[in-house]
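Chains as they are written, first to last, in my numbering: chain A, 1 to 229; chain B, 230 to 487.
Simulated from the structure, these hints should not be mistaken for laboratory data. All values derive from a computational prediction rather than experimental measurement. Heads up, some of the hints might be wrong.
Partial pick of chain B residues on the chain A-facing surface, computed with a CB cut under 10 Å [what the hints assert, rightly or not]:
#1 Leu285
#2 Asn289
#3 Ser414
#4 Leu446
Using N, Cα and C, we set each Cβ at its ideal position, and we do this for glycine too.
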Amino acid sequence: MLQTRALTKSFTLHLRGGLRMPVLSGVDLDVRAGECVVLSGPSGTGKSTLMRSLYGNYRAESGSILVRHAGEMVDIAAADPRTILAVRHETLGYVSQFLRVVPRVPALDVVAEVLLTRGIDQDTARETARSLLLRLNIPSRLHAIPPATFSGGEQQRVNLARGFIANHPILLLDEPTASLDAENRAVVVQMVRDAKAKGTAIVAICHDADVRDVIADRLFTMSPYQDAA
Amino acid sequence: MTEPTLLSGRGLNLKFGSITALSDVDVDLWPGEMLAIVGESGSGKTTLLNVLSGRLVPDNGVVWYREPDDRLHDVHAMPAPVLRTLHRSDWGFVHQDPRQNLRMTVSAGGNVGERLMARGARHYGDIRATALGWLEQVEIDANRIDDLPRTFSGGMLQRLQIARTLVTHPRLVFMDEPTGGLDVSVQARLLDLIRSLVTRLRIAVVLVTHDIAVARLLAHRIAVMQRGRIVETGLTDQVLDDPRHPYTQLLVSSVLSA
């Protein structure tokens with residue numbers, strides 16, 4: 001479903017006199033349908049950078065990121081912006097650590113939005129969003145309120161609902177349980193299992209060892225960048 | 230992606246005396262897409278908007294507009310009346326100062342209805358009903374329909390301008406700092422409104438803003454301008470989260486986060 005070859009990424013900080021910071025070098029990652037690969041390694045080894053590159057949020061410097069989209073392999077590292085938007089819309093979901101939404105939009109619509117943009121009628125989309133929010137223990141009385149005022153854990157759960165609702169064939173999860181209590185962690189673990197059973201390919205970053213052990217089929221260990229020379 | 234563009238600028242150059250306003254600018258816009266043009270004051274954003282919309286003629290370069298029937302028009306070669314008709318129907322222009330677009334001596338409903346009449350609508354009842362529907366969509370109370378715009382607040386005026394612009398269901402709207410000069414709370418409401426209307430009606434938008442947060446919220450793609458050139462362009466989140474050009478890095482790192 002997802003394959004990277006010789007993926008390299010560095011940042012050039014022009015405001016720091018053109019300082020170049022290499023982060024990823026020659027990353028080869030393969031993820032199959034129904035499999036969850038957890039990126040592991042200490043802080044600063046480029047886990048988030050890799051995940052953001054997979055999503056096309058960071059631009060790969062060289063190498064390829066092949067994603068199965070609408071029956072073909074698309075190279076995220078080389079695709080034009082509109083192709084990347086189409087891939088994100090249909091194929092590639094991303095649950096970031098933090099929720100970024102438009103002010104004034106109620107939680108229910110934040111979650112339902114993806115379905116609405118796919119042309120699903122409003123009642124169905126809202127009903128699906130409602131049941132997903134309830135499953136994540138966001139009570140009905142909060143559904144009509146914009147999530148800006150929610151607690152960290154509540155915002156993360158809205159974000160998770162938004163990420164899982166679209167049934168993307170590939171899902172990227174960045175610390176999906178970081179600010180959740182035990183009960184909600186268990187819900188998320190079950191959602192990941194369900195997604196895998198449906199054939200979703202998942203890449204996750206997860207520092208919580210208990211959660212990692214139950215969701216990961218495989219660890220992809222990343223080590224600090226070393227110059228090839 | 231082989232879908233043809235709605236609007237394309239190629240090799241646009243414009244000088245005001247010795248000052249270079251646009252230098253070798255290429256722009257593409259696809260149907261239903263929102264493109265933000267960002268940069269500091271004097272970078273040429275508004276000039277580019279005016280050239281793309283045919284309000285300014287470039288020294289050289291061409292702007293192509295594709296009609297629904299696939300015919301291509303050179304925007305600056307169109308006869309003035311044809312361009313005017315286009316601006317009154319399939320195109321719209323939202324100014325930072327709504328007074329530039331609204332008629333301050335005509336009622337709110339009249340301001341919305343006028344654009345319909347300019348396109349040939351004649352039935353008074355229909356026009357008033359449509360105007361009322363649009364006032365509702367931009368969250369202006371129905372009982373204000375006969376009031377003059379000068380009794381409206383800044384935020385209401387901006388929403389009225391948007392109603393007036395969108396009533397003809399344009400395919401392409403040019404926006405120049407639509408949220409500039411408004412209170413933050415009013416801004417948020419307006420942004421939400423623009424976003425939902427534009428998405429629902431699948432309108433293509435060229436949006437000029439100096440506010441990067443506005444661009445992030447609204448735009449699919451972004452073009453960063455400096456001294457009349459586009460120095461960086463791409464997916465909005467890519468350009469803002471992983472800026473490459475020194476000027477973009479400066480712009481992004483200069484934003485205060487609340």
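Okay, the hints, checked on the actual structure:
no. : hint   : result
1   : Leu285 : 27 Å, violated
2   : Asn289 : 27 Å, violated
3   : Ser414 : 8 Å, holds
4   : Leu446 : 6 Å, holds
The structure is inconsistent with the numbered hints 1 and 2, although it conforms to all the rest.
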